[in-house]
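J.: These protein sequence lines map, in sequence, to chains A and B.
Counting from 1, one number per residue, gives the positions in the first sequence under this note's numbering.
Counting from 1001, one number per residue, gives the positions in the second sequence under this note's numbering.
It is worth saying that the hints were derived from the structure and are not from the lab.
All values reported here derive from a predicted model rather than from experimental measurement.
We treat Cβ as the ideally placed atom computed from N, Cα and C, and that holds for glycine.
Please note that a few of the clues may not be correct.
[To be verified] Cβ-to-Cβ under 7 Å is the rule here; a few derived chain A residues that face chain B:
{"id": "1", "residue": "Gly44"}
{"id": "2", "residue": "Ala49"}
{"id": "3", "residue": "Phe52"}
{"id": "4", "residue": "Tyr83"}
{"id": "5", "residue": "Gly88"}
{"id": "6", "residue": "Pro167"}
{"id": "7", "residue": "Val168"}
{"id": "8", "residue": "Gln169"}
{"id": "9", "residue": "Pro274"}
[What the hints assert, rightly or not] Negatives, chain A to chain B, calculated, CB over 10 Å:
{"id": "10", "residue": "Val23"}
{"id": "11", "residue": "Val25"}
{"id": "12", "residue": "Tyr72"}
{"id": "13", "residue": "Gly79"}
{"id": "14", "residue": "Val123"}
{"id": "15", "residue": "Arg126"}
{"id": "16", "residue": "Leu188"}
{"id": "17", "residue": "Glu216"}
{"id": "18", "residue": "His240"}
{"id": "19", "residue": "Asn307"}
{"id": "20", "residue": "Val313"}
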Amino acid sequence: MSPHLTRYVLRRLLQAVFLLLGVVVVNFSLIHLAPGDPITLLAGDGGDAAYFAAMRAKYGLDRPIVVQLALYLRGAFQGEFGYSFAYGRPVSDVILARLPPTLLLMGVSLALSTVAGVWLGLVTARRARSALDRSVLVGTLIGYGMPAFWAGQLLVLLFSVRLGWFPVQGMEDARQDYRGLARLVDLLRHLALPVATLSLLHLALITRLTRTGMREELSKDYARTAHAKGLPAGRVATRHALRNAVLPVVTVVGGDVGTLFTGAVLTEIIFAWPGLGRLLYDATLNRDYPLLMGIFLLVGTCVIVANIVTDVVYAWLDPRVRYS
Amino acid sequence: MARRFRFGTRRGGSWRVVYLVVVGVLTSIPVAAAQDGTPTPVAGGTMVVSIASDPGHFNPAITTGFTQHVVADSIFNGLVGLDENLQPVPDLADRWDISEDGTTYTFHLHPGVRWHDGAPFTSADVKFSFEEVLLQYHSRTAAGLTPVLAGIDAPNDLTVVMRFTQPYAPLLQRLDVTEAPIVAKHVYEGTDPTTAEANLEPVGTGPYRFVEYAQGDQVTLERNEDYFKDGLPYLDRVVFRVIPEANSALQALQQGEVDYAWNTTPAQTEILASAEGIATVNAPASPGGALCINTLVFNLEHPPLDRPEVRQAIYHAIDRERMLEQIQFGSGRVATGPISSRMDAFYNPDVATYAYDVDRANALLDGAGLTADADGTRATLVFPHPNTFDRYGEIIREQLGEVGIEVEDVSLDFNAATDRVFVERDFDLGIVSYCNGTDPEIGVRRVYDSRNIRPIPFSNGAAYRNPDVDRLFDEAATTLDPAQRAAAYAEIQAILAEEVPYVWLIETEGLRAFSAEFHDFQHWSGHFAETAWTGAGG
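Just need the whole structure built from these sequences, with the hints factored in.
T.: Here you go:
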């Protein structure tokens, strides 16, 4: 890394700390201002006044919100994010338990759809207006337009209920205690439909971006020159044009890496996938303040870091980009 | 013996019969005596159970949460159980004596019971569970027993004495594994029971032992070989799978991935009825929610709802048969009053009733002087409700519109709606599933007692005040004489049906759908799997 770049990254990281502080303060205020009471969940339908008072005191909810915020910040700086009301466990434990399934689902789907999308974009750009191009165009439009809950249900109806190829729900078979390779195969079978559902939207976006970028780059002078000096068309596309065309793709993928950790609420609900998206959803309904804050903090951090990394990758891909 | 996932086939087939016979012959574990004509239970097999949300922990003594109890109740026991009619039967206590004056209950514990870690279960565990855990953190038990409990004694290892400040009739109805699970003193002593490590590695006395928990995904339990009830349980393993979406749960059930679903909905009744190999049951009770009535709450502090004729008119204007048919898909009954018709001992059918009658509703509103303005509107009422009651909101808005009452229908998430009605009190109409519990003292009184008008969820939301009703509730709670109690409750029901501080809409039931290869569930209880068995080898 050049000294310029190092200084740039350090400055961005310093800004990030203040940005995160803002994320905490704003979110903390917002969720405490929202109507609803976390004790409702704990009390069920049976709590009396004494129970509500005792639980408020136990969780410090009876103190002024500014004091609660200050206490939260003090804890957060020491790496203490409190206890989830619903789980009765440290927030960090609860979130960490959900990370592996989330990263698996989101990572596989992001990687697959990016590779497939760039490839499809490449192929269709070189055969613009062909039957293949048109069918990919229509297919990606449909994929982009379908809401996840609907696409997911259709995939289940076809591939699980009708054909019986894949299970309907879950991450692993509930009856078997598979080990080794058998476990991996079982996991992949459970992964197939949720990944397909999630990838539809992303695949469409990447394909269209790559195709448009490639079309533009291939029509530029440098591509024509490369053709003129006798380079094969495939080489012109992959070695010369793609590197420029792929820049917007980097931006989109970079943004998505930030949301990798947030999971995908709808897909996780439909396929009973034990990821972070569902945890966030449950925590919201339960008004589980400490858990909500923990998730917001994690997501905030990831988005900020992903943005910084994206900018650095940009500079690496495009030598004209200079940061100072 | 685990069942394999089979591609694209329905469960069933002739090999299954062969399998059943083989399993039956090979099984050497003694089974409970079968009655003539009923199949004999066989031991073994795995049952996969779908639940809608993640339990998060397995300490049933610190929560009234449905999901926690559906899972953890199988690991624990109460002093008494509840039979199909919600009447007390022995569990950890073999028998009990009640003093003449009804203030002292003496429980004789089952000898030789051991915790899952091998330690002996004694009366000290019972005393500890109540004093240190249940009365602090189990909201319903704390609210119900704290005002009347004088003390708990453990005179010897197998005897527990509960003393009350007054005769206390409903005690036996609130000691089952959901209302008062007994946890181990040696495990929880010196810990904060809400955050103790043991909440994730529970040690109980129950029919199943805890094996493994994958957060947000599944919980695995296995048979307790040393269970104190001879021969029970039958199943080798019970796996609880978290499937939040009811449609996914139904598909998983149809595909054989799941054997028992707690979260199918009445809207799926028709699909379930035609599904091969799937049985359904409507249970009047669930762990923590017995005999529930979907109830419309009038804010009596907001005119014109302070006038009984207006409330009676609204009652007449609502077609509850239609709600039963279109929202509940026939599951449940049209309610007639504050006490469920299934609570045989105390239900009074001879009360004022309000059939769907638009003319009568209009006449009552005219009589109350609530005349229509130029647009034909007599009044506008704000109706905030949880989004789970959206269908009720639609029908109520439509039907009250027909008698000139405009309803502003506000759909909120459950927590926000509860806050708005009970704490903010910013509403004219509200809707709540009020559960009777297993005795009127447990779940009915709180809704009508004027001393329970508080900014607390599920209290007396209407702010209904009637000294006679308060007095009658006190009378019924302080005698053990069933006839005297029934008379007091009968009078209460008659008064309330005249004054209608609430509209009792539908007595709801819990729909359970399960593989027809499984038998003998206790669908109404947290111990639903204690006696369950499968002929299919699971």
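J.: May I ask which of the numbered hints given earlier this structure violates, with the numbers listed in increasing order?
T.: none
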